[in-house]
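Peer 1: Residue numbers (numbering that gives the first Met the number 0), protein chains in the order written: chain A, 0 to 367; chain B, 0 to 231.
Misleading hints may appear alongside valid ones.
Said to hold, decoys possible - Think about it this way: if two alpha-carbon atoms lie no more than 30 Å apart in a straight line, the pair counts; the simulated DSBU-like pairs of lysine-lysine are: (1) A:LYS343 with B:LYS178; (2) B:LYS178 with B:LYS125; (3) B:LYS125 with A:LYS343; (4) B:LYS178 with B:LYS121; (5) B:LYS166 with B:LYS121; (6) B:LYS125 with B:LYS166.
To be verified - Chain B side only, calculated, beta carbon under 8 Å to chain A, not exhaustive: (7) ALA104; (8) SER122; (9) LEU170; (10) PHE173; (11) ASP176; (12) SER177; (13) ASN179; (14) LEU180.
No lab work stands behind these hints, which were simulated from the structure alone. Glycine is no exception: its CB is placed at the ideal position from the N, C-alpha and C atoms.
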Amino acid sequence: MTGERGHRWYLTAFGIGVCLVAVVNTVSTFPFAVVGNPAGLALNLLCLAVYLAATGASALRIVRGTQWRLLAAAWIVAILTASALLRSALPPDQIASIPDWSPGPLGFVALAVLLGQRVIFMVGVQVTDVLIGFACLLAAGLLDIETLIRFGSNAVGISVFQIAGALFYRQLERVATAAERDQRIMQELDARDATATQLAADRAQRSGAIESTIVPLLRAIADGSADPQDPLVRTAARVESARMRRLFAEIDAVDDPMLHEVRASIHAVERLGVAVVLESRGRVPALRVPLRRALLETPMSTLASATSSARVVIIADDGSVSVSVVTDGPPGPVQPDGARWHVKTSTTTAPEVTWTQSTWTRSEEAHP
Amino acid sequence: MTVPTNGPTDEPITGPINRPITVAVVDDHDVVHAGIEAWCRDTDPPITVAGSYTDPAELDPADLAAVDVIVLDLQFQESRSGLEVLRRFVAAGLRVVVYTTSTDAGTVLTCLDYGAACFLTKSEGKRHLVAAIQAAAANTPYLGPTMAGAMADDRREERPVLSPREKEVLLHWFRTDSKNLVASALYISTATVNTHLARVRTKYAAVGRPATTKAALIARALQDGLITLDDV
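Same shape as in the complex, but just chain A (with noise of 0.2 Å):
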């Protein structure tokens, strides 16, 4: 089982396990003789109904998991009250004998109603019920010894294992709570060292696309082997510096992400003075880096070209994304690695005008 109340069943188990006992408690101790004898009948009765509907209550709200306090304190009023009211209609005579039913299975009914509260609560019903009990026997003018200690002893057998009970759940949940927190933070960790190591990849991948092609050019650029009067040259150094302003863009939490990279090397170009018109049409479906990358890489090379204008349209429906660019300059060098990611790029030419397009179609093969 998994979630947070899954990590608990063991805690559900344990709880329709003491409704279980109440009910069976309860059931067994009823002196169904009292049926024929309609003396009291009313009376036991009664009682026998509160204690079932407040068992049948708690069970309902343990499978249900929520929480109760002034449900629960109602409930305790309605068994004590039942049960009271029960007692001091008794003859003195049947005073902690069979007839005097509702204080044994009364602490498993308690116990079934108090499941997760504190165990002082549960302490304070045993004590009032012992002292309703007492009290009966006062009222009887029951105080022999030999009655004190059978009352004693029943109460003792009837109080200290339901109370145990409660410390024992109490107790359960304190270490299922303790458990999940420390799961909780595991998950935490293990997510943040899975980003951790994704981003690191990430890095790697950026910094080998970055130094395939720009650390050639800039060593050239050093050893005077590459003038930066050179219009190819400086062409190169804008495609390289638009290319990296686009990869530095991927690591940016936006809603848009491919729109956000053409952005960045519509900046990159604006700069140099390059007047850019950009349209989308549709919303472009999330697609993974790669696929971005051999999507933008051609068109975006082609825009860093450009001379002194681009128009930049982006148009997505649920199955393909193109992306196309035309300006005033020469084509840009073409992604070699388009095919594998099911990207086609095609460059068309007029006179002073260039228009590359890449389109990816999705396929069974290439999941975005």
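Dock chain B against the given chain A, drawing on the hints supplied.
Peer 2: Only chain B this time, still in chain A's reference frame:
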């Protein structure tokens, strides 16, 4: 839809205009007025700016009846609804080219449904605006790239039925803003590209709420043989 025989200028609505085209500009930014006036002056033959207005509320459409085309922005500082102004102008029989910053597809389609002759975004600039003014004055269809994008993505029930080729031309026009590139990519001539775009625009005039401007556009398309009665 009934086809009117005369427009607001009492000229035959389905014929060419043999005098300078006149426009009125309704936009709350002076720089836009200055820019459009300069573009119109540079056009050959020149387009005459007959009036420049910054607040559409002070404007009675009846006063503009002699103007061929209204260039209308949709966003005004007083947060007056541009769509409501458009509805009022079209109801008065005026030909309106919407020229605004919005690129939202829903706004484009609503303007066309209201009876705007054309919808252009301000980034689409002089080339498209001048062509759209000239087309609107002659009741011929003109379709800018942003309009094409909105039409290609139109999912409303009342949208017209377009052929796969027409959708392809729309999408490529939206992507490239270049009829040469569209023609080259689809292996057709630019004249064929124009025909596809004009047919799509006319199909849009035939759906939605009726408007005098829509009827005039359809009448002219029928006259030019662009569409047949079966198409509408």
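Peer 1: Hint by hint, note whether the structure agrees.
Peer 2: Evaluated hints:
no.	hint	in the structure
1	A:LYS343 with B:LYS178	holds, 22 Å
2	B:LYS178 with B:LYS125	holds, 16 Å
3	B:LYS125 with A:LYS343	violated, 34 Å
4	B:LYS178 with B:LYS121	holds, 19 Å
5	B:LYS166 with B:LYS121	holds, 24 Å
6	B:LYS125 with B:LYS166	holds, 26 Å
7	ALA104	holds, 6 Å
8	SER122	holds, 5 Å
9	LEU170	holds, 7 Å
10	PHE173	holds, 6 Å
11	ASP176	holds, 5 Å
12	SER177	holds, 6 Å
13	ASN179	holds, 5 Å
14	LEU180	holds, 5 Å
Checked against the numbered hints above, the structure violates only hint 3.
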